[in-house]
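Between the sequences and the hints, there should be enough to build the whole structure, so can you do that?
Protein chains in written order, with our numbering: chain A, 1 to 308; chain B, 309 to 694; chain C, 695 to 943; chain D, 944 to 1357.
Keep in mind the hints are simulated off the structure, nothing from the lab.
In this text, all values refer to a predicted model and were calculated from it rather than measured experimentally.
All C-beta atoms, glycine included, are put in the ideal place defined by N, C-alpha and C.
Please note: incorrect hints may appear among the correct ones.
[Stated by the list, open to error] Just some of the chain B residues that point at chain D, by a computed CB distance under 10 Å:
| # | residue |
| --- | --- |
| 1 | S320 |
| 2 | D323 |
| 3 | L338 |
| 4 | S341 |
| 5 | I344 |
| 6 | V489 |
| 7 | S586 |
| 8 | A623 |
| 9 | R624 |
| 10 | E629 |
| 11 | L636 |
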Amino acid sequence: MFSDYSTSELMSIFAMQGFAGLTLFSVFVLMALGLAIIFGQMGVINMAHGEFMILGAYITYLTSNIFSQWLPGLYGSYFFVAMIFAFIAAGLLGMLVEWLIIRHLYHRPLDTLLATWGVSLILQQTYRSVFGAREVGVSMPDWMMGSYPLTDLVEVPINGIFVMCLAIGTTCVIAALMYRSRWGIQVRAVVQNRTMAGAVGINTQKVDRMTFGLGCGIAGIAGSAFTMIGSIGPTSGQLYIVDTFLVVVFGGAASLLGTVASAFTISQAQSTMEFFLSGSMAKVLTLLFVVGVLMIRPQGLFTLKVRR
Amino acid sequence: MKSSGFWGSLFSRHDTLSFVVLALILLVVLPLSLDIFRLSLMGKYMTYAFVALGLALCWGYGGVLSLGQGVFFGLGGYMLAMFLKLESSDPESTAIQTTPGIPDFMDWNQITELPWFWEPFYSFPFTLAAVLVVPTAFAYLIGVAMFKRRVSGVYFAIITQAIAAILTILIIGQQGYTGGVNGITDLRTLLGWNIRSDFARYVFYFVCVGLLLLCIVISQFVSRSKLGRILVAMRGAEDRVRFSGYDVANFKTFVFCLGAAFSAIGGAMFTLQVGFMSPSFIGIVPSIEMVIFCAVGGRLSIYGSVYGALLVSWARTAFSESFPELWLFAMGALFIAVVLAFPDGLAGLYNQYGRRHVERQLDKWLLTLKSSTRTASVKGVAHERQ
Amino acid sequence: MNASNTDFVLAVENLTVSFDGFKAVDDLNLYVDEGEIRVIIGPNGAGKTTVLDLICGRTRSTQGSIRFRNRELTKMTESDIVKSGVGRKFQTPSVYTELTVYENLEISYPKGRNVFGSLFFRRDETIVRKCEEVAEMILLKDQLYDSAGLLSHGQKQWLEIGMLLIQDPELLMLDEPVAGMSVTERHETAKLLRRISENRSVIVIEHDMQFVAEIADKVTVLHQGKILTEGPIDTVKNDPKVVEVYLGH
Amino acid sequence: MVTDTRTKRSGQPRRLLKRLMGVTAALAFSATVSAQDVNTTDLAVTDDTVTVGILHSITGTMAISETGSVQAEKLAIEQINAMGGVLGRKIEYIQEDGASDWPTFAEKSRKLLTQDKVAAVFGCWTSASRKAVLPVFEQYNGMLYYPTFYEGLEQSPNVIYTGQEATQQILAGIDWVVDAKDAETFYLLGSDYIWPRTSNKIARKHIDKLGLKVVGEEYYPLGHTQFNSVINKIKLRKPDVIFASVVGGSNVAFYKQLKAAGIDMTKEKPLVLTISVTEDEILGIGGENVEGAYASMKYFQSLPNENNQAFVKAFKERWGDDIVIGDVTQAAYLGPWLWKAAVEKAGSFDVDKVREASPGIELTTAPEGYVKIHKNHHLWSRTRIGEAQPDGQYKVVFETEELIEPDPFPEGYQ
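Spelled out as structure tokens, the structure:
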């Protein structure tokens, strides 16, 4: 199949395809990071994760409208403001959900699945009532659109680079928080032994709420970033939920490094196969690959072998 | 009262009451009080009850939560739909096609010959066997692969979800062979008999009730057997069971297969009553909804799960007729409320508040019955565990 | 590993298991005689529970052999190990709280252990009698039809021992059987163990030295995955290495 | 499957009678005829009202697309009522939610037909939902006005298809890019289900006939949001035209990523010819992201004719200034009007009579211009090419001279 193309063309294709894989990787990382915290660290199966992302997207939409109406001069930078708002809004909503529902369910992880499914239904209908059933479009600041041509064939989309930087940045901040800060130690302590953590004076309720809020907040940032590449409608969140869970589970739920590695593996597998096969088959094979690996390593790619 | 020994080993006194009440509602009360439109809706909801029943065994008893029950429901439905489609694709009625005699959607996809795996579905006995065997065998494969590797809990749930996603994409993608996203539609007759008439709807309703009651009897048998107790034991202390010499994976696989078989029966009945089958039942959303039916009814209760499926489906129709824009709010709130306030669902509520009263009445009633007839077998009652 | 046949009931040789480089059990050799009660002691993290996990197949060894009546256990499934005659009690009492004491014992009875066997399992006289017999032995005859969830901590321990007894294993492994028991209960348990060991070998992990003294034929002291010393209780108690390990921390 | 036994049975004398009634009604329908005369099949018709059904998804994933249709149908009904209704009766509607779920569509259509006895149903959007309700409409002899452009291959006596079937939409579009833009190579891309596949099949056959070349054909699952790989393939194959039938949420992702990858649709090549992006979709994609794409459809909001200006004005007055109107919305708007005309021609609400009266019905007031019902229940219509503008509207750059005959079973394209 390559005989039709010259060597330089092939090189550029591989370069672009590699970049496509990296973009997909960044998207997966952003989707999965929040869930890795909520599901991986807290054990909560948050089926409303997609809806939290869409909240971030809607907040971005609102911010863009506000800027274009009141602050057209600053429109170029609205996106950063929007991401902060998205983080705060999704985080606050997350804390509310935690307070209302999740905190009663820590000892029944599978039930969190059902309850958060209920939350996702309610959120979907809320979005529909507030923003209408139609999709909304968010216009990007000019500097984010378009691409940077490297050679004749190879063009690097600027928003792709942006998503990538965002993914890397968020991962670093989260990693620092989890493994370097006092709060991270508290989170991990609570995860490993709730009673003991409470006994040594950690306010477990507060830690839980902050952790859940942080996870949802990251989902909000992800949603905000996705306005660049995807659609925003009341039910768009559902598109992401299976992929997101698979990335987290595949990586080994409790490990941030695992999540990143698994996002990398799945995205590369998918984008490579997409190039050689039809989109549908590529998706099927990717999912089969993930399921197959999970059968062999049920605890995911990265988990420590521990004494039971 | 000849069968009291066998019956007694399957049903406790209270189970008997529950069974009789359910049978009365389904066989007498509903057919007398509903017109055929509402009754066949009930019939449709009942097909979900098969899935919920299977989940009560799998999840409630066995602790195995599958988010992919739609796969088996769909497979069962597709098996029957393939047969019905072939029957309605005879050469005369498809004369307009490039290749008459094959299903219309194949013709649209330039397929000129019936694919080999469709051939056996000309046979009705084969189809009936396939309805049960194919989904169960698929469940067996998944079960062995997963449980032998000790995949469990959340991981199992998510993997089954992924399997549902894979199958949906495959069926949609292979539309020449499967009918794609539209599914297999326009099913008309079963062995030459019009399945769309009101009479057929009545027949299917009662067949559906019959099969559901049969599945309940099977569930009773399983749950009251030693296997049922092992499942309960496994849910609490899996390692203890394993180190008592049981191969835990086999038991999980069995109960998973049983749930799959029930779902498949439900799927086949669905195809008959609704007149088509499409990949939208295999996906994730219907699979989760079925879990929720079961949770609302009571995941630990055979009867609860059935009522859960019927009531939630009914509520959804009722809500979406009167407040179409609000039903998602109502459903969402219902799920949250059930999980937070009544984790054992309706059955849990009943056990907490109603059951004692009912049992007392039942005792009283049995006593008067006994003293008045004098001939009633004492054995039947004495057989009950204390 | 060329392990030769031995007269021992259990012969553990060169057993090693490592978790990501950490050797929880390190080149361990352990031999248990017919009818012997062997007690394994050692400080926390010495690898005691891991040894039991390895024997009953819950954890897979990195290298070494475990031979039970000269049958290699390291490659067998857990349920096959149980069927070959090894029973194991867990550290925290592990009983089926949702079932009655009778049902707990019945499930442990070695009949109807496969799927269809259990599906068509029928209760018969022998089984009922056997369960009652064991219940009497473990002092739970009066609670036979109570839910196991209602038992006290000590009673749960006994029930779990009973569940093993009804399997009639040739090697019984008990992880801290008297934890959470009152002094009288400990005595009862000691008596029970003595009776049990008349026709089988028993391995016990225990911290309570008084209890150990009461039951042990021989004591093995583990430290950091290795055997520190082995012998009768009095010798071991006075061994300076053991004192060092226990008091040194 | 096309022959209708009920029509055959009705026979000559009745047909004459009906024709007479039709004339009478057409002459003076304001003189109210009693309900029994215009309704012999027990429909929900009283002396002052007639009930119809609206059946679309207002929840679930399809609500995004179907909202516009509901609005158009309601507007048409209100306008008809303001003009005095149908046969002197006000139209009342019962709205049901199909919830983006095909069995629910079947269930609700059965309810509308057997419980509510509606005289006609306006509804459905996806082919799958139409396929699901079709047996119900045939069994209970209902009448469905189906608004979406679709793949064809169907012709039911119980459905009036007010959108275009695939050949109407596609052939004119391809002819235009070949004539006006000298296109020679095509890349076919669609979501993975029957409409894009059938459309691409028709497109491919037509391209073959013209002696031109298809350099790639690709399908992605519904809801897919990552198109970078296919965009790379497109860059590699360098087609003159990307022929796109991507739908739903995928649309948004595809165009945003296409633009981000540096494919500028306002330049000559590759140009994008879409059959799925209406003004409704642009709302989600963002006008600047599809600027320069060409769409081949029968209706654009920007059509300059008077009918359309009045329609757009009324629509905005009713549903708000921000609203946009796409091809399907307009087709949905035609439904009640076509039904009204057929009922008045038949002089009866009876479905059999309405069906018989339908072929040949003309609508000179249609926003898209003049339409006429073909005897195969589809509409004669013109196809236009619109060029997407940054403000989210299309500029009409071409219009077929003749009305295109609908041909749901096109010879040589199957």
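Do the hints match the structure? See the list:
At a threshold of 10 Å, the smallest CB-CB gap from B:S320 to chain D is about 37 Å, leaving the interface hint violated. For B:D323, the shortest C-beta to C-beta distance to chain D is roughly 32 Å, which exceeds 10 Å, and the interface hint is violated. Annotation: interface hint on B:L338 violated; nearest CB of chain D at approximately 17 Å, more than 10 Å. Hint on B:S341 is violated. Least Cβ distance to chain D is approximately 15 Å, over the 10 Å limit.
For B:I344, the suggested interface contact is upheld, since its CB lies about 8 Å from the closest CB of chain D, less than 10 Å. Annotation: interface hint on B:V489 holds; nearest CB of chain D at approximately 4 Å, less than 10 Å. Residue-level restraint check for B:S586 holds (minimum Cβ-Cβ distance to chain D is 5 Å; threshold 10 Å). Against a cut-off of 10 Å between C-beta atoms, the interface hint on B:A623 is violated, since the closest Cβ of chain D lies about 14 Å away.
Interface restraint check for B:R624: the shortest CB-CB distance to chain D comes to about 9 Å, inside 10 Å, so the restraint holds. A least Cβ separation of about 7 Å between B:E629 and chain D falls short of the 10 Å threshold, and the interface hint therefore holds. Checking B:L636 against chain D by beta carbon gives a least distance of about 6 Å; that is within 10 Å, so the hint holds.
Taken one by one, the earlier hints fail for this structure at numbers 1, 2, 3, 4 and 8, listed in ascending order.
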